[in-house]
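Protein chains in written order, with the numbering used here: chain A, 1 to 131; chain B, 132 to 404.
Hints should not be assumed to be uniformly reliable.
One-sided and incomplete, this derived list gives chain B residues near chain A with beta-carbon spacing under 8 Å [claimed, not checked]:
hint: 1; residue: Ser160
hint: 2; residue: Val289
hint: 3; residue: Leu291
hint: 4; residue: Thr292
hint: 5; residue: Leu295
hint: 6; residue: Arg296
hint: 7; residue: Glu299
hint: 8; residue: Gly317
hint: 9; residue: Arg321
hint: 10; residue: Gln341
hint: 11; residue: His386
hint: 12; residue: Leu387
hint: 13; residue: Leu389
Quick look at which bits of chain A chain B covers, simulated, 3 or more residues with Cβ under 8 Å [said to hold, decoys possible]:
hint: 14; stretch: 16 to 25
hint: 15; stretch: 43 to 57
These aren't lab readings, by the way, just hints derived from the structure by calculation. Glycine included, every Cβ here is placed at the ideal spot set by N, Cα and C.
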Amino acid sequence: MKNLLLSTLEIDFASPLPVYEQIKKNIKQAIARNLIEENQALPSIRDLASFLKINPNTVARAYRELTQEKIINGRAGVGFWVEHSEQLDLKKTDMLREEFSKFTEKAIEMGFSRQQIKDMLGSFFPEEDPK
Amino acid sequence: MIKIDQLSVRFGKTRAVDRLNLQIGKGESILLAGANGAGKTTLLRAMAGVLKADHGSIRYEGKKADHRSRKKIAYIPASISLYDGMTVKEAARMHAHFYGSSAAWTLSGIAFLPGQKIASLSKGEKTIFFLSLALAAAPDYLFVDDVVHFLDPHLREVFLTSILRLIEEKQLTVIMASQSAFEIEGIPERIMVMEKGKLILDESVDLLKQKFVRFYGESIPCDIPVVFSRQWQNAREMYVYPYLPEIHRLGRVEHLNLTEILRAFIGGEYARH
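Pulled out of the complex, with its shape left as it was, chain B reads as follows (with noise of 0.2 Å):
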């Protein structure tokens, strides 16, 4: 279990993490949404240890993070540039070092040329070729940054088939960062969203589904929960949560799939700044 007490974390003036509480049950899939900025790769690094907090705490399993614990995190960046003057086979050597780890370089039918440099490997291939080192090391925690949406399909499959195959067999915790649920729908239990430091939505994926739907109107009703609305030529689009089923006065609402909730919580945020 993972234990978040008012975690702060501050860039100069401004608070990329503020007074953030948290707890993560043990493999429990999350999806960490939110705009450009909104805290998530702050938050991610923090949690592995990457990066210091100015305030708060983080347990593992009723723990202060240590290196001990933190060979239990594996975490994949969105851009990784650690390795880039090494080859293959010296950056899987050097994790090992650092893990104690014998790290294979395949992964699902990938192979990596032992003397390949990693500088010469596309950002897709630098990700998987990082997950297969991560994965190797036998992580009871997974956070993935933003990493998702640039690998190409073939990719994406090997990544994502690779993290499922994990869940299942050793019950591991993660964590996805994402702006958007394209590709992925179906594999966070659990939704959380950030803005400006802060968490604005934490729900289970099963209930958020449930109460979160979009109706068309002429105007707001005053008393509706209404996250992010738009004018259209002739109607109001209006995305309400949490939609409680008693509001039949709506009239036909619509649910809708995790990208498109969650394109409304970011649009919401713009609105709100």
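Isolated chain A, as found in the complex (with noise of 0.2 Å):
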């Protein structure tokens, strides 16, 4: 389980959006896909800049700023770990939105029409669940 984390963090070094942003997103991602659990400990600082390859302080930023939003709770030297987080369930939300954002200007770019795009995604459904 511990593990799961370590391989769903993804760095962009050529995406503008710095790294730490980049890590707590990773983070609250891997939260709201049920990755990692409440009460769970995150990587320690040095774990997670040595995997990473980064700079320690960029990572301590990252926590330091999970901390602050509540997502979660910890302090270097002791540990991180995940909190609940209701907060987290809201932005669920704007995840997916975001997903979907990417999906259809992607989508556009290529020349599909509004309802291509519609069917298409609806053909990714099972069967059963028309839903």
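Since each chain sits alone in its own frame, please combine them into the complex, following the hints.
The following block contains the structure:
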């Protein structure tokens, strides 16, 4: 379970989004997707920095801000763990919306019509579940 | 904190470092980039006290560098021949004598045999050996010349992990000179680019990545700060810094990683001279 977070962390160094923001986003997404659970320990600042080959200050900043946002709890030297957060449940919608916006943007660029996009999206649902 | 004022180092008629001003805070991690001969090594050597400046001052914590402050500085040069005639044990003892530190000659699982001749170590092993000596002295400042690129993947990992650990534990101030950010992309928080002894860029990594873009067009627009450009068969590739988001008319712009950004800065230098 513990390694699931590490395997989902992806840093895009060509992104204008600072690395600490990317880590925050990745952790929130991992929580929203139930890849890490409430009270589960996060990797230490040192481990995550070594794993991603990034500055430990960057990880520390991400953890500090997530702590302030009450997504996680803990402190440097002791450890960090996931907090129960209702606020994050609300964010799930935003996360999904963001994925859809990327998807539709690409589809429109390729020249698909509104109806074609809707049809294609519908085709991914299993037959038994029409909703 | 390090404060450098009007620093010049001359070799004959050329100024390898030319009236350079710079301030570095405690715990900062900096990548010092630039083309061959830009002055990176000279600057690091002057900062480490290996080389005497012709003009200007370098202050550590407000004081001029002396033998005591130098003990707090670790400098890893790109080529090391100083201890070549000695064995691992002798070199460690010599180093301990200068720095008053008990030198551990193991670092993250890389062990050196006490009787092994320094000259018989590979370039990469030598670098790791000297890093382990340097870090044993518990430095506050670590200046690393362009060494990362010739370390094999395993030694590079050992090297970087050791540095990351000290950044976290001791707020080590690190300056790494390199022509590229390849493999060390996530480590620096600040980027400096030197050209002919001067700094032509000094910017935080986060801002640099936001303000540096690439786009393709027919010709260079006259009011856009293009750092570097090259002509392809049917388009001109242009690198812009600083890019202001108001410039929508460029069309689609791409953000880049540090390695590509530095390549453009260095390419731009060759285009100018």
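Each hint tested on the structure:
1. Because the beta carbon of B/Ser160 sits about 5 Å from the nearest beta carbon in chain A, less than 8 Å, this interface hint is met.
2. The beta carbon of B/Val289 is not positioned within 8 Å of any beta carbon in chain A (closest approach about 11 Å), and the interface hint is therefore violated.
3. Here the hint on B/Leu291 is kept, as its CB sits about 6 Å from the closest CB of chain A, short of 8 Å.
4. Residue-level restraint check for B/Thr292 holds (minimum Cβ-Cβ distance to chain A is 5 Å; threshold 8 Å).
5. For B/Leu295, the suggested interface contact is upheld, since its CB lies about 5 Å from the closest CB of chain A, less than 8 Å.
6. Hint status for B/Arg296: holds, given a least beta-carbon distance of 7 Å to chain A, under 8 Å.
7. With 8 Å as the threshold, the beta carbon of B/Glu299 comes within range of chain A, its nearest partner Cβ sitting at about 4 Å, so the hint holds.
8. Taking 8 Å as the C-beta contact cut-off toward chain A, the hint placing B/Gly317 at the interface holds, the least distance being around 3 Å.
9. The interface hint given for B/Arg321 is violated, since its Cβ lies 11 Å from the closest Cβ of chain A, which is over the 8 Å cut-off.
10. Of the supplied interface hints, the one on B/Gln341 holds, with its beta-carbon coming within about 4 Å of a beta-carbon of chain A, less than 8 Å.
11. Because the closest C-beta pair between B/His386 and chain A is about 4 Å apart, less than 8 Å, the hint holds.
12. For the restraint placing B/Leu387 at the interface with chain A, the shortest Cβ-Cβ distance is roughly 5 Å, inside the 8 Å limit, so the hint holds.
13. About 7 Å separates the beta-carbon of B/Leu389 from the nearest beta-carbon of chain A, less than 8 Å, and the hint is met.
14. Closer than 8 Å: that is the beta-carbon criterion, and the stretch 16 to 25 of chain A has 3 residues meeting it against chain B, so the requirement of 3 holds.
15. Under a criterion of three residues with beta carbons nearer than 8 Å to beta carbons of chain B, the stated coverage of the stretch 43 to 57 of chain A is upheld, 10 such residues being counted.
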